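A.B. asks: Model the full structure from these sequences, guided by the hints.
In order, the protein sequences belong to chains A and B. Using this note's numbering, read the first sequence as starting at 13 and increasing by one per residue. Using this note's numbering, read the second sequence as starting at 1343 and increasing by one per residue.
Wrong hints could be hidden among the right ones.
[As the list claims (entries may be wrong)] Here's a subset of chain A near chain B, in silico, CB distances under 10 Å, partners left out:
1) Val-24
2) Gln-49
3) Leu-55
4) Glu-56
5) Leu-57
6) Leu-63
7) Val-67
8) Pro-73
9) Phe-87
10) Glu-96
11) Leu-100
12) Thr-116
None of these hints come from the bench; they were simulated from the model. These figures come from a predicted structure and were not determined experimentally. Even for Gly, the Cβ is constructed at its ideal location relative to N, Cα and C.
Take a look at the letters that make up each chain.
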Amino acid sequence: ETGVTQTPRHLVMGMTNKKSLKCEQHLGHNAMYWYKQSAKKPLELMFVYSLEERVENNSVPSRFSPECPNSSHLFLHLHTLQPEDSALYLCASSQVFGGPYGYTFGSGTRLTVV
Amino acid sequence: DAKTTQPTSMDCAEGRAANLPCNHSTISGNEYVYWYRQIHSQGPQYIIHGLKNNETNEMASLIITEDRKSSTLILPHATLRDTAVYYCIVRDNYGQNFVFGPGTRLSVLP
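C.D. replies: Encoded structure:
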């Protein structure tokens, strides 16, 4: 384990379903991130949270809804997704937002929308 | 947009040094060079970063040219487990995010 745990590892959902992805870190980090990686594409930043406040939202459709209840947990709520939303969803954390620190990534949730 | 250019792919023989180049000709004075790698279907893994001086840790060495327009990541003794996509990213430490490009796909061959 890398210190950032994502569940579930795999998820298959229909277009009318509602599901949530969970990310948990016990590294004492204050910033958390959601990235999306579609097949054969670079990682795309979706959301940034610093001290539980959203600091960035990169034009992500409203069918993706993040939630950060505390600095250790981050959720991505999904509803009425499209097949093109199938991708690897990665969570990451860092000590602080910005700063000379690398990110620690989780292993991701492989999402398939049918 | 990614501010770096890297070769699409490289091969390296097992046990030899892998030298991965990165061009970042528009790097500004307060931007650092970071390297990550991503093994198939896993999350990216931080490797190393530097500003001006060469850096070394237990995973790799980072050599930055004096004009800072390019750098090289060196894996001194590549193993099969080093097969991955390697990303070179430039970023300041005042709130910029990490922007991942396509990276270099390194294949370590037996």
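A.B. asks: If a hint holds in the structure, say so; if it does not, say that too.
C.D. replies: Going through the hints against the structure:
The criterion of a C-beta within 10 Å of any C-beta in chain B is not met by Val-24/A, whose closest approach is roughly 16 Å, and the hint is violated. Taken as an interface hint, Gln-49/A checks out: its beta carbon lies about 9 Å from the nearest beta carbon of chain B, inside 10 Å. Using the Cβ-Cβ criterion of 10 Å, the hint placing Leu-55/A at the interface with chain B is satisfied: the shortest such distance is roughly 4 Å. Taken as an interface hint, Glu-56/A checks out: its beta carbon lies about 8 Å from the nearest beta carbon of chain B, inside 10 Å.
With its C-beta approaching chain B no nearer than about 5 Å, Leu-57/A sits inside the 10 Å limit, and its interface hint holds. The criterion of a C-beta within 10 Å of any C-beta in chain B is not met by Leu-63/A, whose closest approach is roughly 14 Å, and the hint is violated. Proximity of Val-67/A to chain B holds as hinted, the smallest CB-CB distance being about 8 Å (cut-off 10 Å). A least Cβ separation of about 19 Å between Pro-73/A and chain B goes past the 10 Å threshold, and the interface hint is therefore violated.
Contact between Phe-87/A and chain B, as hinted, is not supported at the beta carbon level, the nearest pair being about 17 Å apart and thus beyond 10 Å. Taking 10 Å as the C-beta cut-off, the interface hint given for Glu-96/A is violated, the closest approach to chain B being about 19 Å. Hint on Leu-100/A holds. Least Cβ distance to chain B is approximately 7 Å, under the 10 Å limit. Of the supplied interface hints, the one on Thr-116/A holds, with its beta-carbon coming within about 7 Å of a beta-carbon of chain B, less than 10 Å.
Taken one by one, the earlier hints fail for this structure at numbers 1, 6, 8, 9 and 10, listed in ascending order.
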